[in-house]
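Engineer: Now for the letters of each chain:
Number of protein chains: 2
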Amino acid sequence: MTFNDNANANIKVYGETGQWGLFEISLQGPSSGNPFTEISLGAEFMSADRTVSMAGFYDGGGNYYIRFMPDMQGQWSFRTFSSVKEMDGITGSFLCVEPVPGNRGPVSVKDTFHFSYADGAPYVPVGTTCYAWTHQGRELEEQTLETLKSSPFNKIRMCVFPKSYLYNSNEPEVYPFAGSLEEGWDYFSLNPLFFRHLEERIADLGRLGIEADLILFHPYDRWGYAEMPPEADDLYLRYVISRLSAFHNVWWSLANEYDLMRSKQPEDWERYAAIITAGDPSGHLISNHNCGAFYDYSKPWVTHCSIQRVDVYKTSESTTEWRNRWNKPVVIDECAYEGDVDQGWGNISGEELTRRFWEGAVRGGYVGHGETYLDPEEILWWSKGGRLNGTSPERIGFLRKIVEESPGSRLDPLPSAWDVPCAGVEGQYYLYYFGFNRPRFRNFELEPGVRYTAEVIDTWNMSVEKQPGTFEGAFRINLPGRSYMAVRLIRAD
Amino acid sequence: MTFNDNANANIKVYGETGQWGLFEISLQGPSSGNPFTEISLGAEFMSADRTVSMAGFYDGGGNYYIRFMPDMQGQWSFRTFSSVKEMDGITGSFLCVEPVPGNRGPVSVKDTFHFSYADGAPYVPVGTTCYAWTHQGRELEEQTLETLKSSPFNKIRMCVFPKSYLYNSNEPEVYPFAGSLEEGWDYFSLNPLFFRHLEERIADLGRLGIEADLILFHPYDRWGYAEMPPEADDLYLRYVISRLSAFHNVWWSLANEYDLMRSKQPEDWERYAAIITAGDPSGHLISNHNCGAFYDYSKPWVTHCSIQRVDVYKTSESTTEWRNRWNKPVVIDECAYEGDVDQGWGNISGEELTRRFWEGAVRGGYVGHGETYLDPEEILWWSKGGRLNGTSPERIGFLRKIVEESPGSRLDPLPSAWDVPCAGVEGQYYLYYFGFNRPRFRNFELEPGVRYTAEVIDTWNMSVEKQPGTFEGAFRINLPGRSYMAVRLIRAD
Numbered sequence: 001m002t003f004n005d006n007a008n009a010n011i012k013v014y015g016e017t018g019q020w021g022l023f024e025i026s027l028q029g030p031s032s033g034n035p036f037t038e039i040s041l042g043a044e045f046m047s048a049d050r051t052v053s054m055a056g057f058y059d060g061g062g063n064y065y066i067r068f069m070p071d072m073q074g075q076w077s078f079r080t081f082s083s084v085k086e087m088d089g090i091t092g093s094f095l096c097v098e099p100v101p102g103n104r105g106p107v108s109v110k111d112t113f114h115f116s117y118a119d120g121a122p123y124v125p126v127g128t129t130c131y132a133w134t135h136q137g138r139e140l141e142e143q144t145l146e147t148l149k150s151s152p153f154n155k156i157r158m159c160v161f162p163k164s165y166l167y168n169s170n171e172p173e174v175y176p177f178a179g180s181l182e183e184g185w186d187y188f189s190l191n192p193l194f195f196r197h198l199e200e201r202i203a204d205l206g207r208l209g210i211e212a213d214l215i216l217f218h219p220y221d222r223w224g225y226a227e228m229p230p231e232a233d234d235l236y237l238r239y240v241i242s243r244l245s246a247f248h249n250v251w252w253s254l255a256n257e258y259d260l261m262r263s264k265q266p267e268d269w270e271r272y273a274a275i276i277t278a279g280d281p282s283g284h285l286i287s288n289h290n291c292g293a294f295y296d297y298s299k300p301w302v303t304h305c306s307i308q309r310v311d312v313y314k315t316s317e318s319t320t321e322w323r324n325r326w327n328k329p330v331v332i333d334e335c336a337y338e339g340d341v342d343q344g345w346g347n348i349s350g351e352e353l354t355r356r357f358w359e360g361a362v363r364g365g366y367v368g369h370g371e372t373y374l375d376p377e378e379i380l381w382w383s384k385g386g387r388l389n390g391t392s393p394e395r396i397g398f399l400r401k402i403v404e405e406s407p408g409s410r411l412d413p414l415p416s417a418w419d420v421p422c423a424g425v426e427g428q429y430y431l432y433y434f435g436f437n438r439p440r441f442r443n444f445e446l447e448p449g450v451r452y453t454a455e456v457i458d459t460w461n462m463s464v465e466k467q468p469g470t471f472e473g474a475f476r477i478n479l480p481g482r483s484y485m486a487v488r489l490i491r492a493d
Numbered sequence: 001m002t003f004n005d006n007a008n009a010n011i012k013v014y015g016e017t018g019q020w021g022l023f024e025i026s027l028q029g030p031s032s033g034n035p036f037t038e039i040s041l042g043a044e045f046m047s048a049d050r051t052v053s054m055a056g057f058y059d060g061g062g063n064y065y066i067r068f069m070p071d072m073q074g075q076w077s078f079r080t081f082s083s084v085k086e087m088d089g090i091t092g093s094f095l096c097v098e099p100v101p102g103n104r105g106p107v108s109v110k111d112t113f114h115f116s117y118a119d120g121a122p123y124v125p126v127g128t129t130c131y132a133w134t135h136q137g138r139e140l141e142e143q144t145l146e147t148l149k150s151s152p153f154n155k156i157r158m159c160v161f162p163k164s165y166l167y168n169s170n171e172p173e174v175y176p177f178a179g180s181l182e183e184g185w186d187y188f189s190l191n192p193l194f195f196r197h198l199e200e201r202i203a204d205l206g207r208l209g210i211e212a213d214l215i216l217f218h219p220y221d222r223w224g225y226a227e228m229p230p231e232a233d234d235l236y237l238r239y240v241i242s243r244l245s246a247f248h249n250v251w252w253s254l255a256n257e258y259d260l261m262r263s264k265q266p267e268d269w270e271r272y273a274a275i276i277t278a279g280d281p282s283g284h285l286i287s288n289h290n291c292g293a294f295y296d297y298s299k300p301w302v303t304h305c306s307i308q309r310v311d312v313y314k315t316s317e318s319t320t321e322w323r324n325r326w327n328k329p330v331v332i333d334e335c336a337y338e339g340d341v342d343q344g345w346g347n348i349s350g351e352e353l354t355r356r357f358w359e360g361a362v363r364g365g366y367v368g369h370g371e372t373y374l375d376p377e378e379i380l381w382w383s384k385g386g387r388l389n390g391t392s393p394e395r396i397g398f399l400r401k402i403v404e405e406s407p408g409s410r411l412d413p414l415p416s417a418w419d420v421p422c423a424g425v426e427g428q429y430y431l432y433y434f435g436f437n438r439p440r441f442r443n444f445e446l447e448p449g450v451r452y453t454a455e456v457i458d459t460w461n462m463s464v465e466k467q468p469g470t471f472e473g474a475f476r477i478n479l480p481g482r483s484y485m486a487v488r489l490i491r492a493d
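Going down the list, the sequences are from chains X and A.
With full-length UniProt numbering, the residue at position 62 of the first sequence is 62, and numbering never jumps.
With full-length UniProt numbering, the residue at position 298 of the second sequence is 298, and numbering never jumps.
Calculated from the structure, these hints are not laboratory results.
These numbers were taken from a predicted model, which means no experiment stands behind them.
Keep in mind that the hints are not guaranteed to be accurate.
If chains are identical, the list can't say which one is meant, so a pair holds when it fits in one copy or spans any two.
SDA-like, lysine to any residue: derived pairs with alpha carbons at most 25 Å apart [stated by the list, open to error]:
| id | residue 1 | residue 2 |
| --- | --- | --- |
| 1 | K110 | Y165 |
| 2 | K85 | P448 |
| 3 | K328 | C291 |
| 4 | K149 | E183 |
| 5 | K314 | Y484 |
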């Protein structure tokens, strides 16, 4: 790393310096006035044939940062620009080296319906939901991280703002804006402490290989953050983008249940999307999550569907319809949660949640998890994190393994009988899922002359029973007459 | 009963003579030629202010009958008409007395969405399906009747014609037409033996208080009965109507899976309906049952929807939509069967079938049962009858009791939360059903000042637990956190 001859430039590396790591320029500047609104700052980062622009942000105490995630190894140079003379025109260069192990770069869409890391490795999203886990204080947050570490989840939906809702009455330790509960908030003065904490948690997730599906707005609010003036929304978004878009594991979710945010108009969501996509040169995944009506996922900036089920009974079974309709990856973030609360969205069984995961998977979609068991201390995983008590996570892990073992680590639907969805690769690999049905056997008819090994998979008991011999043409596989069975046929020759 | 002075008239009573019983005029006529096509016969039955016309039928051996179900007590007279001189112009009269105990008359539609017997008593249809039970020989047929006797079912779907399908390869003992397997059938010469047997079974059902939902055509056929010429269809229908419409417990189902009968055109079904409604003065219930596309239940002759679920996952939960769409009773004859065969229509659990019954019931519909457990002798209840082995019938009986205990012995949907359907009478009676959801409690909010008793109903374990005290306004009911629970609130004062 080389420095220019500029006394104010203090360039240090935050976290990793490798490819897809977070490179950070640290600067000193004014602390008077309102640095959030009165000062412009940014830098251009240049490699052999590319120039990338990134805005900087104010971190309090006269500290300014410009962050950048280099997506190519090799030499990069930069030059700052600012309305403040001493932060303007600073130049430097650095070498982007091999990625730190475990950092495969940001996730993006691959082959219309799927995802991969920037290094080309397939990414199979297996998401959970802990909306307000970063607002629970150190002890619980560390427990959540510990739980995640041994869980099957590699994506988490989480809100920037604190949450006010059923089972969410506690105050956060720190707030996103200057001000106080008593005196109100100054939406034009962000609280760096709050965002420093948030980004530490995002970095924690990154080290666990977990994508942070960051919810930028949500309607469960008693502080006013859901109804800020448009200028405050925009300032907040620009601040978040400049601080966080250099984290390789961030996704943008404009809102949870955008359609419940009555103060927002359709054009607001489009403006937010424009601000984010303009300010995030890494092109992180971005979508908007519904309560009732879906967002229009055909908008060009929407990278994937972020779906809450719109029917109480039929959820991930509609994946095919949604794939056909939007021609983008179908991520069903909320299909109801395993639990026993008094609300229909949070009291299905582990069996039913696991079934919904499978129904989505064999149709080429990705279903998300949440857990809402009543707790005397009101620590429900879906919002606060903590411990997992349910029966589905282990089975979801089993499914993840099955998907990762499939060709290309993905499942695409194949034509099948009306009563048994099937995924795989024609002539190579077939995964049939029987759901709640309980056949004692099933007849199959594949092309003659190709031999397959056959496995009977119990998706609930997590067993794979290889059937003796190989199978060809028309054949019968015996099944145990229980729900939640699958059959996998893999070409043998 | 008085007779005219006519040597050929031999009037006897078949079965009951009471109201809604079967009055029968027995005549002797020619046995040469083709009496089925060459001879017309009928009678007019007259009471104080009504005249009802009924066609007669040939029963072989020169025996002719004209049947009539009197729907009013008192004096009736009749006069025959025929193309055969000695059967023409015979007059007589008879007294229609009180109905035989257990005969409440035919069922008809009551209050748009429900049913009642002709005597005014509510009829809550709780149907099962044994398509081909009357073609199985005496021993099995009697076992079926014995099973039905101790079952909760008061309606059975059954085919006139024998059935050829999976698990249905045996030949019937007797065929509906003259001819043989080897030499083919004469569709213009019906086999009285066949129909005599059928009507005995219908009478057996009547004695058990069971409605015979008689399927007139079906596509599961290897004999040709599904593809007869139109003239044969019409002759067959006129024969069936003249023989059977005087049975109080008959319903007409034009077809099972009418849309799989490729040789029939839309206008055929309308012609069949016209023949039946013209020939059946009792106005028995009549509908047409789908496989894929629903029949157009808005046709004026259709008395009720006779539905097969059109979605693998969402079945009786669509009852509300269907009620609103057709404004007629919603009878879901097939929502899938309890069993373990290799077909998706026949391998759901007893839990799931019972759940579908409840989901339909609390939306003001009527779901039907079927059972398809694999059997080494291929005796599956859904087709051949025999014994019931499943877990759902007992629970269906429990539901029947709950419905019959409800005001008016019926359930109508009430406005409710999105996640808990509710049926009952506003301000009087509320039945909430939680389905697969498993809340540990539920908050209710009813109008203040009215007190209710509350019961927690376990629809699977068939228990009703009265909660201590009474409840008013906003209150909480604790629940066990299991699936398949209901809460019943009954006005206490």
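Engineer: All hints are to be evaluated individually against the structure, with a verdict given for each.
Structural biologist: Against the structure, the hints come out as follows:
For the homomeric pair K110 and Y165, neither the shortest alpha-carbon distance inside one copy (36 Å) nor that between copies (46 Å) is at most 25 Å. Neither within a single protomer nor between protomers do K85 and P448 lie at most 25 Å apart by alpha-carbon distance, with minima of 76 Å and 69 Å respectively. In this assembly of identical chains, the alpha carbons of K328 and C291 lie at most 25 Å apart only when taken from the same copy (19 Å versus 33 Å across copies). Taking the shortest alpha-carbon separations for K149 and E183, neither the intra-copy value of 40 Å nor the inter-copy value of 75 Å comes in at or below 25 Å.
For the identical chains of this complex, K314 and Y484 are neighbours both inside a copy (17 Å) and across copies (18 Å), given an alpha-carbon limit of 25 Å.
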